[in-house]
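Engineer: Protein sequences, first through last, are from chains X and G.
If you read the first sequence in the working numbering, its first letter stands for residue 1, the second for the next number, and so on.
If you read the second sequence in the working numbering, its first letter stands for residue 285, the second for the next number, and so on.
These aren't lab readings, by the way, just hints derived from the structure by calculation.
Mixed in with the good hints there might be a few duds.
[To be verified] Cβ pair distances, simulated, as ranges: (1) Asp411(G) / Gln177(X): 23 to 29 Å; (2) Gly308(G) / His278(X): 35 to 41 Å; (3) Glu8(X) / Arg354(G): 54 to 60 Å.
As the structure is a prediction and not an experimental result, all values here were calculated from the model.
We treat Cβ as the ideally placed atom computed from N, Cα and C, and that holds for glycine.
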Amino acid sequence: MNMKLLKERVYFQAFRITTASVVFFLLVMIWTFISNGIGVISWTFLTDIPRQGMTAGGIFPAIVGTILLTLGSIAIALPVGVASAIYLVEYAREGRFVRIINSAITNLAGVPSIIYGLFGFGLFVTFLNFGTSILSGSLTLFLLTLPIVISASREALLSVPKSFREGALALGATKWQTVRHNVLPNGLPGILTGTILAVARAAGETAPIILTATFFFRPTLPQSIMDGTMALATHIYYMATQHPNISQVRPLVYGTILVLLGIVLSLNFVAIIIRTRHRRRKKW
Amino acid sequence: MVTNTAKISIGEKIHARDLNVWFGDNHVIKNVTVGLKPNAVTAVMGPSGCGKTTFIRAINRLNEIIEGSRTTGEIYIDGRNIYSEETDVFRLRRQVGMVFQKPNPFPKSIFDNIAFGPRLHKIADGDALQEIVESSLKEAALWDEVKDRLKDSAFDLSGGQQQRLCIARALAVNPDIILMDEPCSALDPAATAKIETLMRKLTEKYSVIIVTHNMQQAARVSDFTMFLYLGELIEYGNTKSVFENPKSEMTEKYITGEFG
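Isolated chain X (complex conformation):
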């Protein structure tokens, strides 16, 4: 009996240490980036173009590029994803067709991002001749974020109680009116949360845009969606691996990491806020 109890204690302590190590690694990582990168963060760093062979100046074009690519992808993924989710949840009848679509969504979400990159390069950059451009990059990121938006939207719609639908239908609403007035508004917070997480994911992706949208160095801001751009994630990659003077630019790399991490983490934070506020408000 005592032996059993002792054994249990040992195991639980071991599990506890394992769990705590997650926090440890996260803190070490964040500390490394902050201690090495905080020194270069300045107004100039955020608003200036790279200068002197990218050893000085700022990362403004990369920030703009990341924002444009992400907004571009989500501008397509949100309507397409929500429409798909509405179809799957509200209209489609259970059957082989829906099962195939569902497993396609799951598999799409599991495809490694470099493969999205190569696919985007083959389809958008060369075959459709969009070139290395914001358009190609946004479309590639759209494919990558679509399964996330669909899954999140589907969960959000499924969480709207059946009684809201029946109540509206019993008042003579059509199916679309029911969805439009009684289901979508109540699923919206969930859809938004999922979409923001998808945005955060897209902002951090590197492989898909290296192949379709970004340049090592392009200090001028893009004039149209057919222009290529710099982006934070690829800027980190290029500076850490391709720059002729890697040790000299290392602080700039850390600074860029801090900015990207800041963007992604604050997006996640916004998602969490929306979710908790919605949970508190909802009473069904």
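Given chain X, work out where chain G should sit, using these hints.
Structural biologist: Chain G in isolation, oriented as in the chain X frame:
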């Protein structure tokens, strides 16, 4: 055989003929033929799973939203077969309002809950809409309790108030039949009493059909009683005679509590 020349007795609001409903392979309503009177409360009674809910949902064709459901036979309302091709099911559901087992207010204000139907069907806006909301709440005996807080969330109301709100919401699209699916099963006795009084009052303008497995309730509020068992109509008649002098042995056993 479907014909549109059914012989319907004078003074029937609803007439179901050879009504059958299936969910997949499950034959839930079996050859029910019955005529229901206007301006009366008809109770649909029977043990769980006997098809009570399915029967009333056949009257506003709400069974159709369930995948794999199938209905045969006819239901006539004011002599018109609602299962005929030319029936506009959305119009039908305005004419036949429904109140559910669990109060299901929408996550909107009290006002917007009532205004939902009228807005949807563009029946009214502005002052006319205000008027509809007020009169519907009055008809549902809720106006005095909520008139100063129409902007509050419907979820802030008590269960009984929520159920009366749902009744008012149904009344706002101007129906003439109200279906109630065990409307008091989630309510306490005081709230139940209010709804029952309301049901009686509603018969002045509406035909009320209520599903209940509470026999005392059926005896208290209804003028007519249908007893369903395993999807078949066992007995139908005015409530007094069904309870005091049941024709079927099964009904008698049910009423005396031998099964249920």
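Engineer: Evaluate each hint against the coordinates.
Structural biologist: Going down the list of hints, with the structure as the test:
Checked against the given bound of 23 to 29 Å, the beta carbons of Asp411(G) and Gln177(X), roughly 24 Å apart, stay inside it. For the pair Gly308(G) and His278(X), the beta carbons lie near 36 Å from each other, so the given range of 35 to 41 Å is met. The hint said 54 to 60 Å for the Cβ distance between Glu8(X) and Arg354(G), and at roughly 57 Å that hint holds.
Of the hints listed earlier, there is not a single one the structure fails to meet.
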